[in-house]
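**Student:** Residue strings, one per chain:
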Amino acid sequence: MARVRLENITKRYGEETAVDGISLEVEDGEFVTFVGPSGCGKSTTMETVAGLTRPTEGRVYIGDDDVTDLAPKDRGVAMVFQNIALFPHMDVYENISFGLRLRKYDDEEVRRRVEQAADIVQLEDMLERMPAEMSGGQQQRVGIARAIVRNPDVFLMDEPLANLDAKLRVHMRTELQRLHRELDATVIYVTHDQAEAMTMSNRIAVLNDGTLQQIAPPLVCYNEPTNLFVAGFIGSPSMNFADGTLTEDGLETNNFTVALDATQVPGVTVGDDVTLGIRPEDVYLTRDADSLAAPTATITARSDVLEPMGDEMFVYLLLSERADSSMEQDPSTSSDQLLMSVSPDTAIEAGQELELVLDRSKIHLFETETSDALVHGVTDLSQRESGTTPTEADS
Amino acid sequence: MTDTQSRTETDDTAVFDDAQNAELDRGPFQQWAADSIENPERVYRAMFYVAAIFFLFTTLFPFYWLLMVALTPEGQLQDIVFTPNGFNPGAFVEVFQTIPFHWYMFNSFVIALASTVLVLIIGSLAGYAFGRLEFPGKVPLMLLVLVISFFPPAAFFIPLNDLFNTSFFLLEPITGDGTLYNTPGAMVLPLSAIFMPLAIFILTTFYAQIPDGLEDAARVEGTTRLGALFRVIIPLSAPGVATAGVLTFIAVYNEFFFSFLMTDGQPENWAPILEGILAYQGQYEVLYHLMAAASIIGVIPVAILVVIAQEKIVSGLTAGALKE
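Listed in order, the protein sequences are those of chains A and B.
One rule links them: number in my numbering = place in the first sequence (from 1) + 820.
One rule links them: number in my numbering = place in the second sequence (from 1) + 980.
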């Protein structure tokens, strides 16, 4: 097992920059997930760790060694591929033992380790089968066995579950977590599925446009996103955003004002453009907001579309009369819409006028121009607010 | 009720028969034309058989005649049409007694096999580069390879012959006098070069189809790029490699120009089958029956090879064709 350190990794393909100066460190035994939309450079970054792609600039370290110029086979890494990539002309035993046989282990040792690996992924009875005779999940388990059998320093997993059906994916997710615990291995995992990222990782590295946006434990990425991209990408459904301007009274958006002391917001001054972010679960009906320590002033809105999901219900809200109910508008990008999640038995009908409050402790402010986060939670910035939340104004 | 019904049916049939009889009034050719219009598949099938029989006849009749000539005793070659003029199967043994024909065959085998191996190794490397790598000048380079295959071999002959007759100090330990003339190298080198482009094209198409992930997996598991080529890409492209190999082998085995000119015709100097067959032709007599027998013997190995490999060759050639 070993640490992995990336130092200013840049990869250009001609004019295109796929990865732009990524530096990060993965601790020994840590499970780090690279997550981001398609084409964000997460796979390319992993390939530079594997040695399949040579970075244009920057160095890769595994353990204490600079492996930038080493061939993939000499790096002590094993990889699980999205398209599984089993050798179709070899049976399961030959597939799993491929790396060991190349390294000239004696037959006895090879058999012992293959059986052990097959045991871990529960494939003991299938060593004689050809890959074509197996289901997708079984094939991917062979792929994982092929990776663990060599006992590598670092596991690289490139969307290993992407080609499996939904049920199997959830099952394999727990399998991988169990495996990580058992092997105590350093794992770098690439996915565009943020549910996988949230559930499996010690830390998430969020990538966009070839740059590292944030690397932090899942809940930190969720609760304290460093910028608008991370805020919008992590969490499903994604965070609501409302563009506004900082005034003497607070943050004024097109449809509502959140009272706060503009001078207390670090990094910006009155008159600057600030984007407010609030997650759907932090929007409350005023009548249910008693338990809230720090609600904002009431906002009126009209419910538009209801989406009962079983365990919760999503309510699409229109904040102004101007807003039309066209479904193309994404509440996370339109300042006139808001998405709220409530308990499924809440009595709400489509087209109803509603009174809402936001949980001040869960409001995120971002500088609109740079998209960087300014502050998470505005509970302490409320001195100037008066009237609607007198308790806070007093404190 | 039943009676009426059956009578009606009979009546209908009668009417139908009348129509049939009306058709019969036409001449046989008109009849055939009418049938063909109604049922064009029959014509196509007939055309297929005519064409197939024509090609089979033109291909196989020379062999048949070769056999007849071989079986005819010496000096009785007149009046052979469909049967031999006498019966002398001993010619197939005489072939080896008159000259060491087996030696010529061995030479041809070695030359064809060496060329095939050389072509497959170099062609694989080129096919890998053309099929799986991106590099500047890839298309022009590939066209250049193609263009070279169009050159007439005669264009190379004089410079090559001059080169192969030049003494090289380095070659002395291998070839004695330091020249390539009268060695297998004098045929393997130019023939490999000439038949290389076809092999490169076939292999490029095949290697390009192997998913990148498999090569990546092999490289992470512990092979070099070259190791991945030999352990994963080539085994998975077996039909393509077989096709390229068989085509090269046959082409070299059958080759005339360099085979005729690059040795002095002596079996100990690596003269191939061609020279062996021509060796039955003396200054005063030509042993046609032995030439024919030797030709048949020479064809047999290739025929066997094609029969064994034909399935792979067909799948190999069409797999390439279907790709684009």
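Treat the hints as calculated values from the structure; they're not laboratory data.
It cannot be assumed that every hint is accurate.
Output of the computed footprint for chain B on chain A, the stretches with three or more beta carbons under 8 Å from beta carbons of chain B [claimed, not checked]:
no.	region
1	902-915
2	1037-1046
Covered stretches of chain B (chain A as the covering partner; in silico rule of three or more C-beta atoms under 8 Å from a C-beta of chain A) [claimed, not checked]:
no.	region
3	1184-1191
4	1199-1211
Now the in silico label distances, taken between C-beta atoms and shown as ranges [to be verified]:
no.	chain 1	residue 1	chain 2	residue 2	range
5	B	Glu1152	A	Asp894	35 to 43 Å
6	A	Arg921	B	Phe1131	38 to 46 Å
7	B	Leu1123	A	Leu1039	21 to 29 Å
Yeah, the Cβ is synthetic: ideal placement off N, Cα and C, and Gly gets one too.
**Student:** Each hint needs a verdict: does it hold in this structure or not?
**Tutor:** Hint by hint, here is what the structure shows:
1. Residues of the region 902-915 of chain A lying with their CB closer than 8 Å to a CB of chain B number 8, which satisfies the three-residue condition for coverage.
2. Counting residues of the region 1037-1046 of chain A whose beta carbon lies closer than 8 Å to any beta carbon of chain B gives 0, which falls short of the minimum of three for the stated coverage.
3. Counting residues of the region 1184-1191 of chain B whose beta-carbon sits less than 8 Å from any beta-carbon of chain A gives 1, not enough to reach three: the coverage restraint is violated.
4. For the region 1199-1211 of chain B, the stated coverage by chain A is satisfied: 7 residues place a CB nearer than 8 Å to a CB of that chain, which reaches the threshold of 3.
5. Judged by the Cβ atoms, the range 35 to 43 Å given for B:Glu1152 and A:Asp894 holds: they are separated by roughly 42 Å.
6. Evaluation of the 38 to 46 Å hint for A:Arg921 and B:Phe1131 yields a pass: the beta carbon distance comes to about 45 Å.
7. One distance hint, 21 to 29 Å for the beta-carbon pair B:Leu1123 and A:Leu1039, is violated here, with the actual separation near 59 Å.
Hint violations for this structure: numbers 2, 3, 7, all remaining hints satisfied.
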